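Trainee: Quick mapping for you: the protein sequence lines, in order, are chains Z and H. Numbering follows numbering that gives the first Met the number 0, in which position 75 of the first sequence is assigned residue number 74; successive positions increment by one, without gaps. Numbering follows numbering that gives the first Met the number 0, in which position 70 of the second sequence is assigned residue number 69; successive positions increment by one, without gaps.
Be careful, since some hints might not be right.
To be verified - Capping the alpha-carbon separation at 30 Å, the derived lysine-lysine pairs in DSS-like fashion look like this:
| id | chain 1 | residue 1 | chain 2 | residue 2 |
| --- | --- | --- | --- | --- |
| 1 | H | LYS260 | Z | LYS2 |
| 2 | H | LYS81 | H | LYS308 |
| 3 | H | LYS225 | H | LYS260 |
| 4 | Z | LYS139 | Z | LYS66 |
| 5 | Z | LYS136 | Z | LYS147 |
| 6 | Z | LYS139 | H | LYS81 |
Because the hints were derived from the structure by calculation, they are not lab data. This structure is a prediction, so every number in the text was calculated from the model and none was measured.
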Amino acid sequence: MLKLLQLLEEDCTLTNDQLAAMVGMTAQEVEAQRRQMEEDRLILGYKAIVDWDRTQREAVTALIEVKVTPHRGEGFGRVAQRIYQYDEVESVYLMSGAYDLTVIISGRTLKEVAQFVAEKLATIEDVTGTATHFILKKYKEKHLIFEKQEEQEERFVFE
Amino acid sequence: MIDYEKILCGRVRDIHPSGIRKYFDLLQGMEGGISLGIGEPDFQTPWHIRDAGIYSLEKGFTKYTPNAGLSDLRGAISAYLKRRFDLDYAPNGQILVTVGGSEGLDLAFRCLLEPGDEVIVPAPSFVCYGPLVSMLHGTPVMVETRAEDEFRLTADQLRAAITPRTRAVVLPFPNNPTGGVMGREDLEALAEVLRGTDIMVISDEIYAELTYGQRHVSMANIPDMKERVIVINGFSKAYSMTGWRLGYACGPKPVIAAMTKLHQYAIMSAPTTSQYAAIEAMNSGDGDIEAMREEYDGRRRFLVDGFRKLGLDCFEPRGAFYTFPCIRSTGLTSEEFCDRFLAAERVAVIPGSAFGPGGEGYVRACYAASMHDLAEALARLERFLKSI
Numbered sequence: 000m001l002k003l004l005q006l007l008e009e010d011c012t013l014t015n016d017q018l019a020a021m022v023g024m025t026a027q028e029v030e031a032q033r034r035q036m037e038e039d040r041l042i043l044g045y046k047a048i049v050d051w052d053r054t055q056r057e058a059v060t061a062l063i064e065v066k067v068t069p070h071r072g073e074g075f076g077r078v079a080q081r082i083y084q085y086d087e088v089e090s091v092y093l094m095s096g097a098y099d100l101t102v103i104i105s106g107r108t109l110k111e112v113a114q115f116v117a118e119k120l121a122t123i124e125d126v127t128g129t130a131t132h133f134i135l136k137k138y139k140e141k142h143l144i145f146e147k148q149e150e151q152e153e154r155f156v157f158e
Numbered sequence: 000m001i002d003y004e005k006i007l008c009g010r011v012r013d014i015h016p017s018g019i020r021k022y023f024d025l026l027q028g029m030e031g032g033i034s035l036g037i038g039e040p041d042f043q044t045p046w047h048i049r050d051a052g053i054y055s056l057e058k059g060f061t062k063y064t065p066n067a068g069l070s071d072l073r074g075a076i077s078a079y080l081k082r083r084f085d086l087d088y089a090p091n092g093q094i095l096v097t098v099g100g101s102e103g104l105d106l107a108f109r110c111l112l113e114p115g116d117e118v119i120v121p122a123p124s125f126v127c128y129g130p131l132v133s134m135l136h137g138t139p140v141m142v143e144t145r146a147e148d149e150f151r152l153t154a155d156q157l158r159a160a161i162t163p164r165t166r167a168v169v170l171p172f173p174n175n176p177t178g179g180v181m182g183r184e185d186l187e188a189l190a191e192v193l194r195g196t197d198i199m200v201i202s203d204e205i206y207a208e209l210t211y212g213q214r215h216v217s218m219a220n221i222p223d224m225k226e227r228v229i230v231i232n233g234f235s236k237a238y239s240m241t242g243w244r245l246g247y248a249c250g251p252k253p254v255i256a257a258m259t260k261l262h263q264y265a266i267m268s269a270p271t272t273s274q275y276a277a278i279e280a281m282n283s284g285d286g287d288i289e290a291m292r293e294e295y296d297g298r299r300r301f302l303v304d305g306f307r308k309l310g311l312d313c314f315e316p317r318g319a320f321y322t323f324p325c326i327r328s329t330g331l332t333s334e335e336f337c338d339r340f341l342a343a344e345r346v347a348v349i350p351g352s353a354f355g356p357g358g359e360g361y362v363r364a365c366y367a368a369s370m371h372d373l374a375e376a377l378a379r380l381e382r383f384l385k386s387i
C-alpha cells in the first residue's frame, strides 16, 4: 500500500496496469486498493501542477502568517476550519514557532488577495494578527522545477 | 603523404567498430523517437554530490591528487565496501582510484597479460573486454552463457574453457546486457574450479548496487578467493555519475601496486573534482542508491511484464538496468528486429548479437528511462509485433 501511494504521489497518471506490473500485483488488486484508499481519503485527489506564469491568466499567490487565539477544548481546529472553508484558500497549516497558521491564498490580482485578507481573514473573531507575503516567483513545487532545465549535448555512447 | 592505414597499429585496425552507432544516428534525426539503447542512468547526480564537487572547486582544489587517489576517498571506499558488501580492502595499498571502471579493467589486463595469454570472458557481456585483451596480444576466450542457466557462468563451462595459457577470467556480474547475477553458491562452484590454480579473476562489479531481491556477492567474498580477485567498481551506475569518470580497483597489494605504476604514467591521477564529489557519495549516498534502485525495480517489473504479455520470452533480470527479451519467435535476427523496429516505430533497442556470442536471438532494452517512455515503447512494440 505504501509503495502504491509513493508511486502515485510521484506520478498519478500511472495506470492500474502499470502500477500492478511495477509492484507485482494484479490490476484488479491495485484497483481495489486504490478505491479503498480514495474512500478512506488516504488519497485526496489527483491534480496537475501548472505554471500559470507562462499563460495569459493573471494569478497571484500569497503566504499569510496568521496568529489566532486557540479555543479551549478545540485548539486551533475551529478557527482553521473557518479559514479553510473559503475557496480562495489553497492550503492551511498549523505551525510551530512565532505564529500559528500558514494560509496560502491565490487570487487574480494583488488587490483581490489583499482584500480577502483584510475583509475575510483578519475579521475572523479569533484571528489576532496577519502578515501577508506575496509570492514573486515559483521555482519548484512538489519536487518539480518550473524552469526548463538545459539538456546536455546529445552524444553516442555504447555502454 | 602518410598512408595511415599502414602506420596504424594492426591490432587497433582489427578491432570491430561498434555496429550500434547507426541506431543512435538514425534516432537523432527522428521526431518522437524513444531510446532504450544507451546504458546510462537517467537520473541526475544527486545534488549533495554535485555540490561537493562545486565546493571543492570554490576552495581551489584543482591540483593533481596522489596517484592512487585522495586518501580520504580511499578511506571512504574502504569503509563503503565493508559496510555494503562485507569486503575488506585497506585504503593504503589495496585500492586504486581510476578514471571509471573502464580504466581499472584496462590496467588489470595490462598488468596480467603476456602475449598469447588467454582470458575467459562470459558472453553476452559488455563489449570492452575482448578488444582490451586483443590489444595486449592476448586471446579472449568467449564462453556463451545461456538463458536456461539464467545467463550465469557454470563451473563446467569454466573448467572446459581453461587451458595452460589461461591467465584470468572476467566475471561481469551483475551482467550487462542480460541482467544475470551470480549468487554465492554459483561463485562457490567456480571457486572450486579455480582453487589451486594461478588464474586471476577480474570481477567487474560496476552494477553491484543494482540488484533486485538479493544483495550482490563478490568473488572476493568467497573463502580463499580474495588473493586472486581484482574487484573493479565505480561511481557511474550506483550514483548516476557517468560523466564524472570515476571508478576504483581493489585487489592484492602487488597487483594494485603494478596497476598504480601504470596509472601513474598513463593518467597521473583521476579527476580531482570528481574525487571530492565521490567522497560525499560514499559517505552520504546510501539513501540515493536505495531510492534509485527502487525506482529501477518498478520499471524493471513493468518492462519484463510488458514483454511477456506481448508473448516475448523474457528472462527475469536480477541486476543492472537491462532487460534481455528473446525475439526468436518473431523469426527475425536480432539485428533485423532492431533495424525494423526502429524504422517502423522509432524505438531504439540494441541487438543482442552486439554483446558477443550467445546474444543472437535477443535484444537489449534498457529501463533507465521514464515510465512514460517505457509504456509508449511497449505500445509501439505491440503494434510492431502485429505487423510482422
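Trainee: Indicate, hint by hint, whether the structure satisfies it.
Mentor: Now for the hints, and whether the structure bears them out:
1. LYS260/H - LYS2/Z: 49 Å, violated
2. LYS81/H - LYS308/H: Violated, at roughly 41 Å.
3. LYS225/H - LYS260/H: 21 Å, holds
4. LYS139/Z - LYS66/Z: Answer holds: LYS139/Z to LYS66/Z is near 27 Å, not above 30 Å.
5. LYS136/Z - LYS147/Z: Since the Cα atoms of LYS136/Z and LYS147/Z sit roughly 14 Å apart, the hinted pair holds (cutoff 30 Å).
6. LYS139/Z - LYS81/H: With a Cα-Cα distance of about 38 Å, the restraint between LYS139/Z and LYS81/H is violated, given a limit of 30 Å.
Hint compliance for this structure: hints 1, 2 and 6 are broken, all remaining hints hold.
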